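Generate the whole structure from the sequences, applying the supplied hints.
Here's the letter readout for the chains.
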Amino acid sequence: MIFKLAFSNIRKSIKDYAVYFFTIVIGVAIFYLFNSIDEQQAYKKFIAHDPNHIGAIIRTTMRSLSVFVSVVLGLLIVYASRFLMHRRNREFAIYLMLGMGKRKVSAILFMETLLIGVFSLIVGLLLGIGLSQLMSALVANLFEADLDSYKFVLSARAAKSALIYFGIAYLVVILFNSFMISKCRILDLINSGKKEEKLKLKNPWACVIIFLISSAALGYAYHTVTRSLTMSSKELLLCIVLGAISTFFIFWSISGLVLKIIMSFKGGYYKGLNCFTVRQISSKLNTMVFSMTLICLFLFITICSLSVSFALRDALNKELRDCCQADMEIVMLNKNKLSEKARNRDKYINESPDELIEKAGLNDIFSGTSMINIYMQKNEEEDVIYYSELLGAYVDDYYKQSEFLFKIDNIDKSKPQIISINDFNKMWTLFGREPLTINKNEYFILSDLEYYYQFFDKAAEDGQEISFDGHKLTPAFDKTVYGAIDIISIHENAAILVVDDSVLEGREPALKAFHGNYKATGKEEKRAVDNEMQDKVKQYIRDNYSEDALGLSYFTTKLAISDMTIGIGAMATFIGLYLGLTFLITCAAIIALKQLSECADSVERYEMLRKIGAEENSISRSLLIQTGTFFLLPLILAIIHSIYGIKFAKPMMIGMFVSQNMIPSIIATAALIVAIYGGYFVITYFCGRSVIRNRRK
Amino acid sequence: MELLKIKNIEKYYGSRSNLTKAIDDISFTVANGEFIGIMGASGSGKTTLLNCISTIDRVTAGNIFLEDTDVTHLKGSKLNQFRREKLGFIFQDFNLLDTLTAYENISLALSIQKYPAKEIDAAVRDVAEKLGISDVLNKYPYQMSGGQKQRVASARAIVTKPKLVLADEPTGALDSKSARMLLERFEYLNKNNGTTIMMVTHDSFTASYTSRVIFIKDGRIFNELSRGDDSRKQFFNRIIDVVTLLGGDISNDI
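These protein sequence lines are chains A and B, in that order. FYI, the numbering for the first sequence is 1 to 697, going by my numbering. FYI, the numbering for the second sequence is 1001 to 1254, going by my numbering.
Hints may contain errors.
[Said to hold, decoys possible] 30 Å max Cα-Cα, derived DSS-like pairs, lysine-lysine:
1) A:Lys611 / B:Lys1233
2) B:Lys1130 / A:Lys271
3) B:Lys1139 / A:Lys202
4) B:Lys1114 / A:Lys611
5) B:Lys1130 / A:Lys266
6) A:Lys558 / A:Lys260
7) A:Lys415 / A:Lys440
8) A:Lys335 / A:Lys426
9) B:Lys1118 / A:Lys202
10) A:Lys400 / A:Lys472
11) A:Lys266 / B:Lys1086
12) A:Lys558 / A:Lys318
13) A:Lys337 / A:Lys359
14) A:Lys611 / B:Lys1139
15) A:Lys271 / B:Lys1161
16) B:Lys1130 / A:Lys611
17) B:Lys1161 / A:Lys266
18) A:Lys526 / A:Lys202
[Stated by the list, open to error] Short, incomplete list of chain A residues facing chain B, as computed with Cβ under 8 Å:
19) Arg227
20) Lys271
21) Phe276
22) Met608
23) Ile612
24) Ala614
Because the hints were derived from the structure by calculation, they are not lab data. Keep in mind it's a predicted model, so treat the numbers as computed, not measured. Yeah, the Cβ is synthetic: ideal placement off N, Cα and C, and Gly gets one too.
In structure tokens, the structure reads:
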């Protein structure tokens, strides 16, 4: 009998359960989706060769995030079930009055929760399994893997942990419900639907003042986080706390002001159902200040994490294309520059990188190579060139900018590395670029950081003259040459001075850099060559020197860097999507539940409006405005927060010096929010409309 | 001049095998400016009758004419418009919107009918004056007494100047003092403004304020009393007599 009652109860209040059910299904699906990433074909392919262990980091991160996500979703389920309980207080009162024991009522509830839970878990898992097939395309794209053939993805582990985590959430719900039932009194249950709304009006002047103060506080926080990157973590914490508190008080004061402001427009206020609509919104706002604040902050986190993570991946990929001009690079210290002590300890390699490659028998794997000498300036030398000299008249401008962004470097003390034009052209040709020619008394700067080269450009245009080792040098071009020596994952070449060979005569280079392009084409072939080369070179060093000597060479290949970039990009996207989606559905579900409960509480009001002759259309419009306000209000403030949040996070996360275009990732974020948040809005509106239409007494 | 003409209306509930006749062939007319009461026991069909007139419910057979419109043939938005413009409603449980002040509750009836905002204020204050609620206009329902609430509801019903005001047990939830005050207001509106009021009640005291009472029993008209030149007290006694005849099911507790 209990089962029958529970089942018919669910069928009866299917509309109340719709949002609840929908939310759990999506929650379970998302949980499964991100937990099953390690079963995706592309992921498995990626970890097959993963020298940096990024794949393992991704897996661990997703698993620990899942714990957090399941706590958030669990709390949401508890919240939603409490809301459903409240809706049905009178029904429970009838059971109790008919003499049903509290234990039996709890049993009915238990049965209902179990039914809904099992059903939603199954549907959610099925949806998750379905979505993970689509997800395989995204994962393949993120890991830049070509899928040979479609493979059905199924993760028993993800399904099992979804069952466990959500099972725990349901257990909490059941315990909570039983507790509520055991505590309640029949009279309270009967009267719970009847209470008249009491309106507490706030003092409008207090509202205005508080609104102004919190706006100012928010403005200050916005200004502080975007002004400088040097702020201490204390300051950042202050801004976050300030932002959260002012968000609360902005909603608090808006809830008091909105009525006053609209009431002052007599023409608009006393038109159609406007005064009813405004009163409904303002009374609901009054009770929702805290949840509005939470929702706003959650949305803020959602928007930031989505857009920044999308952008981060784009930025990394762009960097990769830009910064890796050759297939591999070896940089070694020049043994002649090593100190006596180091050489005596056997910690040196006699060969230069190109000799090393030759002796390891690797010459025929390359289609092209270049070897260059890199010179460093020593403090004790005369006529040392500092960055400040290259900047000429723009030192102050540079400092102004650096003060604005961050103050880490002292350009009066840092010195650029120097290479000769012949070496430069060897390397440049290997990179597939046109060689450059300069005169004996000319120089140019190689840089790929806009942060620096914007000033070098200006100095070059002015013909900034420098003196080095008794040579007077003038700029060869009126611009900086864009580029770098090292292959690396991000831009980091501030400046390398390129001069004529004669200028460097008689100097001993500090480093030797070897670049090479493979004959092999295709990712897999190149990977094989990569491994072969590294093994052989290392073996040669081991055989002829000591294990310690391995540390004297800096070895890097384009593929290793790209693997790391891909891994980090994929991880950022996964984290952003996972957290963003979780918070998004949490926010939307909370608003939807609140709005639906409001509809149910207001059924009689709408009935009254009908009795005094209001058209069904205008009633629906009033509901639309109310629903829209509750969905839009926190979103608008969250968007404003996000503008500054992204401005703040952008340089922190995407690399200080990249001017990454955020527009595509912001569009992607907006699309996701419109789809999910908008979807909840539409469902809420239609459910609400049917609630106020059908429950006529 | 007759305002409302009810002609042979019938209202059946249920299926063919289990038929309930809520209204069984009722006909009567209401003249312009009349204050008419409908009395009957629970289940006699008086509320069904009111619902049919107010177009909330549909008759099974017969016609209801208000002025020259046959309301039984109205449909959809025409029906809404008719209800909005021609009728005013007063309910037993006031049916005020608890989120709105008295002023806004009254003005809402006007703004739904798309009255210009300028005219609303004067109309609301005027009707509030007549019902003696000027001092509670800025209060919310929870700050008012039951009598005040019902007078606000009455103000809302008549502010749009409807042809016919339909009141369903308006004193049902009021104490005797408030009830008397409300009924005096009804009398005043009826005499001084010429408002036509049709009031359903099962309380003889309330009915004694009207100018004519129609008694309904089991869906049929059982009796009809006209006040004529009687005082209210005399009319009350005559009503009591009929009520006794009806079977005493009707309370006369005032």
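When you check the alpha-carbon spacing of Lys1118 (chain B) and Lys202 (chain A), does it fall within 30 Å? With a Cα-Cα distance of about 28 Å, the restraint between Lys1118 (chain B) and Lys202 (chain A) holds, given a limit of 30 Å.
Restraint satisfaction for Lys271 (chain A) [CB to CB of chain B, less than 8 Å]: 6 Å, holds
Hint check: is the beta carbon of Phe276 (chain A) less than 8 Å from a beta carbon of chain B? The hint holds - Phe276 (chain A) has a Cβ within 8 Å of chain B, the shortest such distance being about 6 Å.
Decide if the proposed pair is consistent with the structure: Lys266 (chain A) and Lys1086 (chain B), CA atoms, cutoff 30 Å inclusive. The given pair, whose Cα atoms are some 26 Å apart, holds under the 30 Å limit.
Quickly compare the C-alpha distance for Lys558 (chain A) and Lys318 (chain A) to 30 Å and report which way the hint goes. With a Cα-Cα distance of about 14 Å, the restraint between Lys558 (chain A) and Lys318 (chain A) holds, given a limit of 30 Å.
Given hint Lys266 (chain A) paired with Lys1130 (chain B) - CA-CA distance at most 30 Å: The given pair, whose Cα atoms are some 24 Å apart, holds under the 30 Å limit.
Lys1139 (chain B) and Lys202 (chain A): Cα distance at most 30 Å? 15 Å, holds
Would you check the hint for Lys1114 (chain B) and Lys611 (chain A), treating anything up to 30 Å between C-alpha atoms as holding? Given that 30 Å is the threshold and the Cα spacing comes to 16 Å, the pair holds.
For the pair supplied as a hint, Lys1130 (chain B) and Lys271 (chain A), is the alpha-carbon distance within the 30 Å limit? Roughly 24 Å between the alpha carbons, so the hint for Lys1130 (chain B) and Lys271 (chain A) holds.
Need the status of pair Lys271 (chain A), Lys1161 (chain B): alpha-carbon distance at most 30 Å? 18 Å, holds
Taking 8 Å as the limit, does the beta-carbon of Met608 (chain A) come near enough to a beta-carbon in chain B? Hint on Met608 (chain A): holds, closest Cβ of chain B at ~5 Å, below 8 Å.
Verify the proposed pairing of Lys335 (chain A) with Lys426 (chain A), using a straight-line Cα cut of 30 Å. The hint holds at about 22 Å.
Of the hints listed earlier, those the structure fails to meet are numbers 1, 6, 18 and 19, in rising order.
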